[in-house]
Amino acid sequence: LIVADPQLIGYTREPTPFSSLTRWDSDRYLRMGFERALTACHPDLILFLGDLMDEGVHASKVDFDRTLERFNAIFRTDKPVQRIYVPGDNDIGGEEQMIMPYSLNRFSNSFSNSFEAEALGLDAISFVQINPFNGAQSILWVGSSAICVVLSHGPIIRFPDILKNVRSLVSPALILSAHSHTASYYEEVFNGAQPFKSISMLSQKTSHTVAIDEHNSTFKEFQTATCNYRMGVDNMAYGCLTFTRNNATPRPSFNVRYTALWLPRRFHQLAIYFFIVVVLTIYGLRWLFW
Numbered sequence: 021l022i023v024a025d026p027q028l029i030g031y032t033r034e035p036t037p038f039s040s041l042t043r044w045d046s047d048r049y050l051r052m053g054f055e056r057a058l059t060a061c062h063p064d065l066i067l068f069l070g071d072l073m074d075e076g077v078h079a080s081k082v083d084f085d086r087t088l089e090r091f092n093a094i095f096r097t098d099k100p101v102q103r104i105y106v107p108g109d110n111d112i113g114g115e116e117q118m119i120m121p122y123s124l125n126r127f128s129n130s131f132s133n134s135f136e137a138e139a140l141g142l143d144a145i146s147f148v149q150i151n152p153f154n155g156a157q158s159i160l161w162v163g164s165s166a167i168c169v170v171l172s173h174g175p176i177i178r179f180p181d182i183l184k185n186v187r188s189l190v191s192p193a194l195i196l197s198a199h200s201h202t203a204s205y206y207e208e209v210f211n212g213a214q215p216f217k218s219i220s221m222l223s224q225k226t227s228h229t230v231a232i233d234e235h236n237s238t239f240k241e242f243q244t245a246t247c248n249y250r251m252g253v254d255n256m257a258y259g260c261l262t263f264t265r266n267n268a269t270p271r272p273s274f275n276v277r278y279t280a281l282w283l284p285r286r287f288h289q290l291a292i293y294f295f296i297v298v299v300l301t302i303y304g305l306r307w308l309f310w
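Each residue of the sequence shown is one higher than the one before, starting from 21 at the first, in our numbering.
To be clear, the hints were calculated from the coordinates, so they are not data collected in a lab. These figures come from a predicted structure and were not determined experimentally. Every residue, glycine too, gets a C-beta built ideally from N, C-alpha and C. Incorrect hints may appear among the rest.
Stated by the list, open to error - Restraint ranges, calculated between C-beta atoms of paired labels, are given here:
no., residue 1, residue 2, range
1, 265, 238, 19 to 29 Å
2, 140, 229, 10 to 20 Å
3, 129, 214, 35 to 45 Å
4, 165, 285, 37 to 47 Å
5, 55, 214, 36 to 46 Å
6, 268, 116, 42 to 52 Å
7, 134, 190, 17 to 27 Å
Could you put together the complete structure from these sequences and hints?
What follows is the structure, encoded as structure tokens:
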């Protein structure tokens, strides 16, 4: 199960008199969506692809601890599930400001990975975490084959310079990314007018399947949408990724199916609630003063 850009609302950028209410509604939406995603996906691993907090870089210790407590309450599970936490630019910096060592250490101390690929039947695959903003990499699992999956908060294939840097580090069969708040599939194209092709997961009826093995000559990337309606996009989702080993080949190979688990459009719901309140208020006033 992929959780991307939840960006829990903080305490300094939400100065309105209704900030407590907006945080509560956003947290409630995240929690209900996560519960639905758990039911649909039954995950063996939960992958958090960064921007876990909206104010992770700048939050004071008190505000960070309060937000962390909310995060753990929202994304709790009834039974232990393996987890990987990838930091985003809102967590540690990297896009509009330098990566902050203090924020990086705070993130690492607050979010601990619990990942064992062998227990998932994925011991043939190497899993590498890469920060595209500074090129830093962390090897999470060394596989028994040359198949490599890269985990990155920021997208890679769409940006030639980043793609070139990543290619100099590893040769991934698959990239999992987030950051742009939309769900899409990207694949390198060597002989086209554009260096990559893109497919919106909306146009794919939520699912898309690719094959990966040791001899992939092109990069493939699944980008997961934000799961928070506050991020300014119409379509929010969690991602469900399934690896199925292909036993028909002598060397390790997998079919990877990505499914976008779409969420309700919260702003539409809030608009309906507001309309109902206005109508009831008007009728109430008419009845009161008739």
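Hints violated by the structure (listed by number, smallest first): none
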